[in-house]
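Protein chains in written order, with the working numbering: chain A, 8 to 321; chain B, 67 to 453.
Hints are computed from structural coordinates only; laboratory data are not their basis.
Bear in mind that the values here come from a model prediction, so they are computed numbers and not experimental data.
Built from N, CA and C at the ideal position, the CB exists for glycine as well.
Hints may be right or wrong, so weigh each one.
[Claimed, not checked] Under the rule of at most 25 angstroms between Cα atoms (straight-line distance), these lysine-lysine pairs were calculated in the BS3-like manner:
1. A:Lys-97 to B:Lys-288
2. A:Lys-99 to B:Lys-254
3. B:Lys-255 to A:Lys-99
4. B:Lys-288 to A:Lys-101
5. B:Lys-288 to B:Lys-261
6. A:Lys-99 to B:Lys-84
7. B:Lys-270 to A:Lys-99
8. A:Lys-97 to B:Lys-254
9. B:Lys-270 to A:Lys-17
10. A:Lys-101 to B:Lys-254
11. B:Lys-261 to A:Lys-101
[Unchecked claim] Computed footprint of chain A on chain B, listed as stretches where at least three residues anywhere in the stretch have a Cβ under 8 angstroms from a Cβ of chain A:
12. 148-160
13. 258-270
14. 273-282
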Amino acid sequence: MSASLKELSKQETRFTEGHRLCAGCTEPIIARQILMATQKPIVVSNATGCFEVSTSIYPYTSWNVPWIHSAFENAAPTITGVESAYIALKRKGKITEDIRFISFGGDGATYDIGFQALSGAIERGHRFMYVCLNNEAYMNTGIQRSGATGRGAQTTTCPAGTCIPGKKEFPKDMTKIIIAHDLPYAAQCSPHNWKDLIEKASKGFDANGPAFLNVIAPCPRGWRYDPSLGVEMAKLAVETCVWPLYEYENGKYALTGDSKRIAEGSKPKKPISDWLKSQGRFSHLLKPQWASVADEIQQNVDKKWGELLKLCQI
Amino acid sequence: MESQLVFNGDQAIAFSWKQIDPDVVAAYPITPQTIIVENFSDFVANGEVNSEYVCAESEHSAMSICIGAAAAGARVATATASAGLAFMWEVLYIASAMRLPIVMSVANRALSGPINIHCDHSDAMGARDSGWIQMFGENVQEAYDDSIMSFKIAEHMNVRLPVMNCIDGFIVTHSLEKFLPLDDAVVKKFIGDFKPVRPLLDLKNPTTMGPFSFTDYYFEHKYQLVEAMNKAMPVIKDTFKEYGKITGRHYDVAEGYRLDDADYVIMAMGSTAGTVKYVVDQLRAEGHKVGSLKLRLFRPFPAKEIARLLQGKKAVAVFDRAISIGSTGPVFPEVRSALFDVKDRPKIVNYVYGLGGRDVRPDELKDVFKNLMSGNVNELNFMGVRI
Chain A
8 MSASLKELSK
18 QETRFTEGHR
28 LCAGCTEPII
38 ARQILMATQK
48 PIVVSNATGC
58 FEVSTSIYPY
68 TSWNVPWIHS
78 AFENAAPTIT
88 GVESAYIALK
98 RKGKITEDIR
108 FISFGGDGAT
118 YDIGFQALSG
128 AIERGHRFMY
138 VCLNNEAYMN
148 TGIQRSGATG
158 RGAQTTTCPA
168 GTCIPGKKEF
178 PKDMTKIIIA
188 HDLPYAAQCS
198 PHNWKDLIEK
208 ASKGFDANGP
218 AFLNVIAPCP
228 RGWRYDPSLG
238 VEMAKLAVET
248 CVWPLYEYEN
258 GKYALTGDSK
268 RIAEGSKPKK
278 PISDWLKSQG
288 RFSHLLKPQW
298 ASVADEIQQN
308 VDKKWGELLK
318 LCQI
Chain B
67 MESQLVFNGD
77 QAIAFSWKQI
87 DPDVVAAYPI
97 TPQTIIVENF
107 SDFVANGEVN
117 SEYVCAESEH
127 SAMSICIGAA
137 AAGARVATAT
147 ASAGLAFMWE
157 VLYIASAMRL
167 PIVMSVANRA
177 LSGPINIHCD
187 HSDAMGARDS
197 GWIQMFGENV
207 QEAYDDSIMS
217 FKIAEHMNVR
227 LPVMNCIDGF
237 IVTHSLEKFL
247 PLDDAVVKKF
257 IGDFKPVRPL
267 LDLKNPTTMG
277 PFSFTDYYFE
287 HKYQLVEAMN
297 KAMPVIKDTF
307 KEYGKITGRH
317 YDVAEGYRLD
327 DADYVIMAMG
337 STAGTVKYVV
347 DQLRAEGHKV
357 GSLKLRLFRP
367 FPAKEIARLL
377 QGKKAVAVFD
387 RAISIGSTGP
397 VFPEVRSALF
407 DVKDRPKIVN
417 YVYGLGGRDV
427 RPDELKDVFK
437 NLMSGNVNEL
447 NFMGVRI
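This is chain B alone, in the form it adopts within the complex (with noise of 0.2 angstroms):
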């Protein structure tokens, strides 16, 4: 095992590609994820990687180039964030329906408008329904870990499709904290060669791919991605196990925070997660038997999971980064659709929190708890902002 290093989050990724070391990266700067891409030329200009690098004129070619080298059959890694993955909308679900294992960071930040360059998850929740996985880290040990995973759980051949692993603007992505890397070779030995399927490049077997699909096979073609996204749920599961086995950093898919004995519980995703923890031990000191669910992956959609951690709880705030507008925040009905059937339901509200890189205190949490415990809770409220 490598030494500490200290990082921010967009060096850790990059520093990951550097170990793992795509045949091709194409990217498109965006802030804030433009050190992961400014890093990695820095690579490729003082010949460290050996990877084919284009930088692309915009998102939308930045993911069609990414489409095809993978199905050429290259391993690709690429980064974006906000705006840019707004704009690569329409080729994310080509990517996810050709059934290419593409790699992507993505820098949860707000999107436009007004412009705001700050963290919120509406970017990421845009694309939830696109057929890529999509993992969220807290900070940068986890920014790092789950770039590694991404590669190993994407190209897992009952899964064969893309992931994106989220981590939060500015929050975890410029922020700089210790991180324990691996050893280039453990790396490469986890994830192993990349096995292409059916690749463009192969001559001898010619291939059409991204064919006109009808009325008679669209929905069977759509049925076959629900049936790789239900596969990757167990493979998720083992690779964590796996490189918990290696690194002693087991995570899952949902994770509890002193969840047992708890009575009331916030749940989050990305750096929130962590704050939120600060709290909770803080609360207990109090007395208070209250706990935390970091929900780790978003799609595929751990409702089991989710169900049996919260099932018998008496409160559940749900945290959204993120608003439905019309609606609510998006994972809060996930949530309770999860709920829905479990005996001991919980009361379940949803905060929408954080949107434009809003900061989030500790005092607010503690108030959000309080309400909770209070039971003089809407069932939609939104922290911090100025009504």
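Okay, chain A solo, but in the shape it has when bound (with noise of 0.2 angstroms):
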């Protein structure tokens, strides 16, 4: 799919104003130019976490589609519910219309809580996008660590004390590991490059069988950073290779957007010292008493980034 501005200003709210997000979060962005990449109609779960809890406070609601809450760790069976129950009644004739599955869950839904009830999902086969809004943290409950926090990020389960520089661990490599289930589509995006996550959303939508979309989703509360910039921080995270934008498609890898021309020599490659200049989470860091462990953060962005470019041929 490929959509102009001007045609996707005309589409129908899927998601309203109104919601209790906070200022300058990322994932109201990413969850319209998600929304737009189907002119199908859809149904929405979404697994307990900010996304939820801000867009459906009893008796309003920011959705103009069909959404179902469930639980924490639990928005992919409970979409896949959903799916089951639809292909039982469309066999029925109850149903006719062609409609499209899709769940949101934060990073804490996805790496961590309800990792196994989305691997069960995907392993089934079900036809459903399971998307993660990655703000890497448990962000709703007050900044603690999850699986997808970096190295050396300071959480408040994870606090940068005067022994231990905030979070000892990589995060885990979720996007690969979904991968490893051999599904029809997964794919790495941000809201900074709108055309390449509404295109790869347009793909997920249409795989015939479960997608993936793994969104890095900056929080200015967790990250610490003037709330107008959770675009640019996106896109730093993209230019740092922190975050490099990818698709797997039908068994093949392909690099996308900026990282596509990172790899091609066609734009710079930025240090990671930009990426923890940036943001208060990492402060800490900039201390000489932890300068290794920001060469460990270059060090492991650069061994994952040159294995993506094998995987992608490149």
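Assembly of the complex is requested from the two constituent chains, each provided in isolation within its own frame, with the hints serving as guidance.
Here is the structure:
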């Protein structure tokens, strides 16, 4: 799907204004872009988290499409239940429309507590798209570490202390873990490249089976930056190769957007210091005491980037 | 009416599902429920049902799939036991709060630890506050009948609550018994067509389900569940009556056996109620005025009916196949509370029994009656444990 901004602006609003997400939150930007990526009717499931609590405070709702929230760890099985009902009722002639199914979950819901349920849903081959709104920690409950939190980042459960400089571990590579399920479509995305995100979402919606989008979702509260800079933060994540843009489609990896340009040499790869300097969650790493941590992060980014280039046959 | 079949309890439940042909079945296998999902898998594999069947990767996901499917507008069935029910615990409350008429068969089995696969009621008792209707069947016939009636009760517009129909693990799930099934058409007519309420798949009327309910609404939402459960009681009784008319099998929420003129009573749920009847007959033959009361329904709790049936008795032993450690068995305090305000209140004692599938022998039950008759009995007793 290739769409112009003019065409997209004419679409019906599936997710409305009036929600209570923080000023500067990138989640509603991402959700709107994704929901624009199909003209088909959709049903949404949402894991417990920022996006859920802020868009469904009874008796109000931000949702103009059917939407269901059940619990923290079960957005994937919940939507596959809806999809199973759809298949059954369609078979019995009670439904005629062609419907698409989508789940939103944060990184806590995706990388940690809902991991098994998501893996099971993908293994069973349900036709749905799972979107991870990845802000790299449990932000809804006040910034606690998750399996997606980066090495060295401080959160309230991995604080920057005098002995330990924030999170000790590197994040798990969830996108690759999902790809290991050998599903039809998976991608890493960023809201700063809306065209890339919408195209990937469109492919995910049309995939004949499960699809997965892992979208970097900068969080001004948790990352500690000026709320006006969310999209710039997402862009910087890509430019430093902390968050490469790529897709896995029918068994093949391909870089996209700025990541492709960096790989081709038409755009410079920015140093990790640019990333660490930009956010308060890494401020302690700028002290000489922890200089080695910054080096480790750079080495890890380089290693992962090199592996990805090989997978993309570059 | 079809001719008599010989099935075990799990097979009878699977057979009822074949007749009902739910839109969606999502389940995870666990002993002693496994035969249900295995049999149903055969029906799916052989095209004998039209259901969408999902083999989930856990019970938590199985119930989550059931929630999504029921919210979407489907008739949904599942089954579990023991640790599986415990694993579902979180989402059981969500199913009832969303007023989803999911039907779940529970093959009652002890909870770990230590790990044990045999019968007790600690799994179902752990879910007693979850907003699910809970029925207990004594034998294969009741396993089959309860499964069918559960759909009718759950889907009644005054109720719209999920229903658990419980049968004793191995004792009923794996024991072959004769039972009388209904014709497919009779079953289908009895439960009727499924009528979804504000389903997610109604695209013209998009619904937000499972929203965030703060301090300003949560209490009211919970109170609506209380009201629904209250309204379930007459619906359950009417369903029993209607079912009795077509089958000749007349059930009640609490069923007395040789109870009218009895002075001493054992009250039990599940298969033990059958053993108690056998012992009652033996002691009656010896001239003792004993009887029994079988509790068919635990939620909603039939307090008024129990008070009416037990008023004026000399002594009652409430049997609990579960223990709330630090207190008594869970059924006991509810029965005592039900009888607190009646005149001629009997002496009421508690017997915790059969944990982890410990056998329930007639001679032990005879001793319980003898203890009741002698008046020499503790308030809390553990039948058959080596102390």
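Evaluation of the provided hints:
no., hint, result
1, A:Lys-97 to B:Lys-288, "34 angstroms, violated"
2, A:Lys-99 to B:Lys-254, "16 angstroms, holds"
3, B:Lys-255 to A:Lys-99, "18 angstroms, holds"
4, B:Lys-288 to A:Lys-101, "32 angstroms, violated"
5, B:Lys-288 to B:Lys-261, "23 angstroms, holds"
6, A:Lys-99 to B:Lys-84, "16 angstroms, holds"
7, B:Lys-270 to A:Lys-99, "20 angstroms, holds"
8, A:Lys-97 to B:Lys-254, "20 angstroms, holds"
9, B:Lys-270 to A:Lys-17, "20 angstroms, holds"
10, A:Lys-101 to B:Lys-254, "18 angstroms, holds"
11, B:Lys-261 to A:Lys-101, "12 angstroms, holds"
12, 148-160, "holds (count 3)"
13, 258-270, "holds (count 4)"
14, 273-282, "holds (count 8)"
Violated hints for the displayed structure, listed by number in ascending order: 1, 4.
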